[in-house]
Amino acid sequence: MSDLLRAPAEIKYAEELDWLESIDDSPKPFSWRLSPKMVRLFVLGSERADGLDREVSQKWFGDRSFVERSIVTLASDRGLLLIGDPGTGKSWLAELLSAAICRNSTLVVQGTAGTTEDHVKYSWNVSMVIAKGQSRESMIPSPIMTAMEAGAIGRFEELTRSTSDVQDALISILSEKYISVPELESGGGDANIVFAKPGFSIIATANSRDRGVNDLSSALKRRFNFVRIPVVTNKKSEAEIVRFRTEELLRRHSIDLDVPPTLLDVLLQSFADLRASAAAAGSDDEKLESTLSTAEQIGVLEDAVLHSNFFGERTLTARTLASSLVGSLTRREPEDLAILNKYLHGVVEPRSKEEGGSWPEFLEGGRDAIATLS
634 MSDLLRAPAE IKYAEELDWL ESIDDSPKPF SWRLSPKMVR LFVLGSERAD GLDREVSQKW
694 FGDRSFVERS IVTLASDRGL LLIGDPGTGK SWLAELLSAA ICRNSTLVVQ GTAGTTEDHV
754 KYSWNVSMVI AKGQSRESMI PSPIMTAMEA GAIGRFEELT RSTSDVQDAL ISILSEKYIS
814 VPELESGGGD ANIVFAKPGF SIIATANSRD RGVNDLSSAL KRRFNFVRIP VVTNKKSEAE
874 IVRFRTEELL RRHSIDLDVP PTLLDVLLQS FADLRASAAA AGSDDEKLES TLSTAEQIGV
934 LEDAVLHSNF FGERTLTART LASSLVGSLT RREPEDLAIL NKYLHGVVEP RSKEEGGSWP
994 EFLEGGRDAI ATLS
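For what it's worth, our numbering labels the leading residue of the sequence shown as 634, then goes sequentially.
Incorrect hints may have been included.
Listed next, the in silico BS3-like pairs over lysine-lysine satisfying Cα-Cα at most 27 Å (straight line) [said to hold, decoys possible]:
1. K869 x K920
2. K986 x K869
3. K869 x K670
These aren't lab readings, by the way, just hints derived from the structure by calculation.
Please model the complete structure; the sequences and the hints are all you need to start from.
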């Protein structure tokens, strides 16, 4: 695993998945590797009441009802659509579910304006077609077709970013559970049809902020169960996510760096302040272009940790954190700089005088970063 830039969940947690499979005596739908209860336990982590011989780490932080509804959907014949704002953990949840159910989370189609029907169904190896003609050997199956043939989970990221033609291709797959290949001769049988095996399903994700880009048709919506993943607003839950990802970051980069808990509190409070300011803003010009998601918060912290490791001291400082926050959240100049400057003077400066702690250094670091970018 050490030679992979980013190991998929089934490799990263392979030993844990093997152990869960070895003790799992509950009924499993189709060809699932784990039972629904064990899938939930893998995603949400174990509790003392589970009575296990070892602890299973929590990997996704959110309401358990979202996970349970997702698992139930995948055990049916309907697709699962995870929808929510950017940074709410939709893709990570989809990866974890796929890893637990079929030990393969890499059968992914990425939805973009350039995604075509071939990416959903199949394409051809041109050189083999020229040499031997069109056959199953010369056909290149899409990740979705591969999932169908294996009875596994196929994933479709950013579904609303793809065009209506691509979305329409999914309708027949979700409805009929097969793909016709008219280029192949049937020979009186099913040689030109690829059927889905039991266990096949699709997990799609969509950003609620992409509404209006390529809206889903009512026909496609009927074939998905929707699970809406809300933005994390609970400070305790968000703190758990940030701490989890921070520890993961330090392990991945083999970094021995002290990250004071007080600075995590400063980061969490800063994002809470900026979100409140955005909610009270009268127009988009008065809001940061950033969505201020938990994922972006983790990005700010990652930037600060790496900067401290390579160019700073062995301890993360409030000055470095403020500099990373300003640098990461400034996407429009001068609009975003003006908003951040207003936040520093109107919120951080009074707080630094009243509370002290890390806030005065955070204020100074933020001012210096804005002056550099201005």
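*CA of K869 to CA of K670, is that 27 Å or under?*
Since the Cα atoms of K869 and K670 sit roughly 25 Å apart, the hinted pair holds (cutoff 27 Å).
*Compare the distance between the alpha carbons of K869 and K920 with 27 Å, and conclude whether the hinted pair is satisfied.*
holds (25 Å)
*asked:* Against the 27 Å threshold, does the CA-CA distance of K986 and K869 hold or violate the hint?
replied: Holds: K986 and K869 sit about 26 Å apart, inside 27 Å.
When the structure is compared with the earlier hints, no violation turns up for any of them.
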